[in-house]
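Top line first, the protein sequences correspond to chains Z and Y. Following our numbering, the numbering of the first sequence begins with -5 at its first residue and continues without gaps. Following our numbering, the numbering of the second sequence begins with -5 at its first residue and continues without gaps.
Since the hints were derived computationally from the structure, they do not count as laboratory data. Each hint should be verified, as a subset may be incorrect.
Just so you know, same-sequence chains aren't split out, so a pair can sit in one copy or run between any two.
As the list claims (entries may be wrong) - With a straight-line Cα cutoff of 30 Å, these simulated BS3-like cross-link-like pairs (lysine-lysine) come out:
#, residue 1, residue 2
1, Lys110, Lys156
2, Lys304, Lys219
3, Lys110, Lys54
4, Lys16, Lys162
5, Lys16, Lys277
6, Lys302, Lys263
7, Lys16, Lys268
8, Lys34, Lys54
9, Lys219, Lys54
10, Lys229, Lys10
11, Lys156, Lys91
12, Lys110, Lys127
13, Lys219, Lys127
14, Lys220, Lys263
15, Lys2, Lys156
16, Lys310, Lys124
17, Lys309, Lys263
18, Lys277, Lys91
19, Lys124, Lys220
20, Lys304, Lys91
21, Lys192, Lys317
22, Lys229, Lys54
23, Lys302, Lys229
Protein chains: 2
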Amino acid sequence: MYTFDELKSIFTDYIKQNHFDKEPWGLYDPVNYLMSLHGKRIRPVACLMTANIFEDNVSKALPIAYSIEMFHNFTLMHDDIMDDADLRRSNETVHVKYNVNTAILSGDLMMIMSYKHLIDCCDDLVLKDKILKLFTNTAIEVCEGQQYDMDFETDDNVSISKYLLMIKLKTAVLVAATFKAGAIMGGASDEDTDNLYKYGLNLGLAFQIQDDILDTYGDQSTFGKKIGGDIIQNKKTYLYLKALEIANKDTANNLRSLYNNNSISDEDKIREVKDVFNRLNVKDHADSLVAELTENAMDHFSALSVPKVKLEEIKKLAEYLLKRSL
Amino acid sequence: MYTFDELKSIFTDYIKQNHFDKEPWGLYDPVNYLMSLHGKRIRPVACLMTANIFEDNVSKALPIAYSIEMFHNFTLMHDDIMDDADLRRSNETVHVKYNVNTAILSGDLMMIMSYKHLIDCCDDLVLKDKILKLFTNTAIEVCEGQQYDMDFETDDNVSISKYLLMIKLKTAVLVAATFKAGAIMGGASDEDTDNLYKYGLNLGLAFQIQDDILDTYGDQSTFGKKIGGDIIQNKKTYLYLKALEIANKDTANNLRSLYNNNSISDEDKIREVKDVFNRLNVKDHADSLVAELTENAMDHFSALSVPKVKLEEIKKLAEYLLKRSL
């Protein structure tokens, strides 16, 4: 069994081998740029790690892991335009470093390239067909999730269930598909493959809720982003929506007007919103949901028909993802 | 054999059957909008028509024709953002009617949907694999063509050969792939399939050069676009590049300064540029090239191993494409 670091190193080499060295430069250079920025590579490593549970040689899963990372980076390239974001992994986003048209077109190319790596992955047409169907359905869901996320910005009636649907589509299904694709390439049984999908889905949801918690209650040194960023950007997070759900009318109105208040300082806004969250114990609600989702994930994990020793690395990865210090 | 109009009607029904009636509305409505604008449907009909040469029942080729039309419309949705175009088929472009973010994301969805229709097209995995490889390589080339086209806007040294490469990638390869995909779905031999690809490639190139000619020398009532549009927009067309290639230094400088002159009226600019073109006989050069490309196309067409009577409809389509009145 390979460790996380070993798989990351194998994957980093594969990215280097697939560096584009061709014309037109203006199309391919932005792809090389974004793909070479140092990311955590969680998705491709999770894909390889899952394949490795069932198969010692992970090389067959490499094009799939690469395709998933390429797809993820394509969504980042386009999402960063939509969100008007300047920085990605502490570097300029593509539409800032180059321009918007470049980020649109090079993003389109990345989407097609992610298909190319699936289509060229192997000669086993049945296996390939499975992967292509999984990937395509997932990609459609990710677009739906991004649309819901944009819709929510101007929607004052986002329910918790709609929010959970959005994070499922925008984030969790790709995590789930990553585990499933690794399992398929490793030759897992349908039952194991299905359990790994559901494991990934619950883990992805738990990760996203945990991310909401950390954004408000985390430790800046380990979280990597500025604490309180969601509150400053008026993001309708799980904490905010849960607070609105359980607050009385006055508190709910107070919270809404705090979010819409542009004259208050960032620090005061974070403190006052957090104060409302604390009075309503929304962090406890969020923690419970993370625990429930993690338990669901573990149920599917425990149902896998493989020796426990083979699951150690994936377990460590999941723990790392969920426990990024509070 | 079906006629053009019969196939267009079959295809229009298929588009209606595939109308999206699902949430999120903001993602799917723009796709329905663009797909339902009345276009000529040349590509999907050409695909069905080619399949029909080899197979009476064209239903197997419908998802492929749909995928190609979806892909073409995806490129239009994104190109219209990049070109800052307000109108498409006499209607508002998607980024004007909705907004830029919508046009980016719904375009991404269309790209994925065009793959979905290929992946769900049939149970014959060998056939599907062929189509997927053809489609993916073509899609990559189309992105490269669009990049070259954008690069040319700021490149003062575009050669005729670079221009021909650009229109090959941006336009002709998709026409070629359309014929080839129809042939594959109709069960054509490899030789016929290959000849139809080359037929489409030459036809696509001839069409694009003819389009350049018509933009300056055409009849507004039949061309459908404002005559002289390329000159007003300083487009580096075949006529312009050929003129620069054969002009002496003074005439070339005169042409360049006419293109860069913002104080001249549109009418004067068109008249003066056209005057340079006429003195250099660039229309004759362009006409010769169209004739040469058409001849190349016809060589591949004549080599097809099918009864001539089966090729009548395709021949009419090609004649229509090339002869749009001067």
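- [ ] Classify it for me, Lys302 with Lys263: is the Cα-Cα distance of at most 30 Å met within a copy, between copies, both or neither?
- [x] Neither: 47 Å inside a copy, 77 Å across copies.
Task: Up to 30 Å CA-CA - Lys229 versus Lys302, copy category - done: neither (40 Å within a copy, 65 Å between copies)
Open item on the list: As a check of your reading, is Lys124 near Lys220 (CA-CA no more than 30 Å) within one copy, between copies, both or neither?
Closed with: Classified as neither: same-chain Cα gap 40 Å, cross-chain 49 Å, threshold 30 Å.
- [ ] If the cutoff is 30 Å on CA atoms, where do Lys310 and Lys124 land: within, between, both or neither? Let me know, please.
- [x] Only inside one copy: Lys310 and Lys124 sit 28 Å apart there, 41 Å across copies, limit 30 Å.
Task: Lys192 and Lys317: within-copy, between-copy, both or neither at 30 Å Cα - done: Answer is within: at 20 Å inside a copy they meet the 30 Å cutoff, but 58 Å across does not.
TODO: Could you place Lys220 and Lys263 in one of the four classes (within, between, both, neither) given a Cα distance threshold of 30 Å?
DONE: Cα proximity of Lys220 and Lys263: one copy only (14 Å, versus 55 Å across).
Open item on the list: One pair to classify: Lys309 and Lys263, alpha carbons no more than 30 Å apart. Within, between, both, or neither?
Closed with: So Lys309 and Lys263 fail the 30 Å test inside a copy (38 Å) and across (70 Å) alike.
Task: Intra/inter-copy verdict for Lys16 and Lys268 if alpha-carbon distance must be at most 30 Å - done: neither (51 Å within a copy, 37 Å between copies)
Open item on the list: Cα distance capped at 30 Å. Does Lys229 pair with Lys10 within a copy, between copies, both, or neither?
Closed with: neither (37 Å within a copy, 38 Å between copies)
Open item on the list: If the cut is 30 Å between Cα atoms, do Lys229 and Lys54 qualify within a copy, between copies, both or neither?
Closed with: Answer is neither: 40 Å inside a copy and 47 Å across each miss the 30 Å cutoff.
- [ ] Classify it for me, Lys156 with Lys91: is the Cα-Cα distance of at most 30 Å met within a copy, between copies, both or neither?
- [x] Result: close only across copies, 26 Å inter versus 35 Å intra.
TODO: Since the copies are identical, ignore which copy is meant and state whether Lys277 and Lys91 lie within 30 Å (CA to CA) inside a copy, between copies, both or neither.
DONE: neither (38 Å within a copy, 41 Å between copies)
The earlier numbered hints that this structure contradicts are 2, 5, 6, 7, 9, 10, 13, 15, 17, 18, 19, 20, 22, 23.
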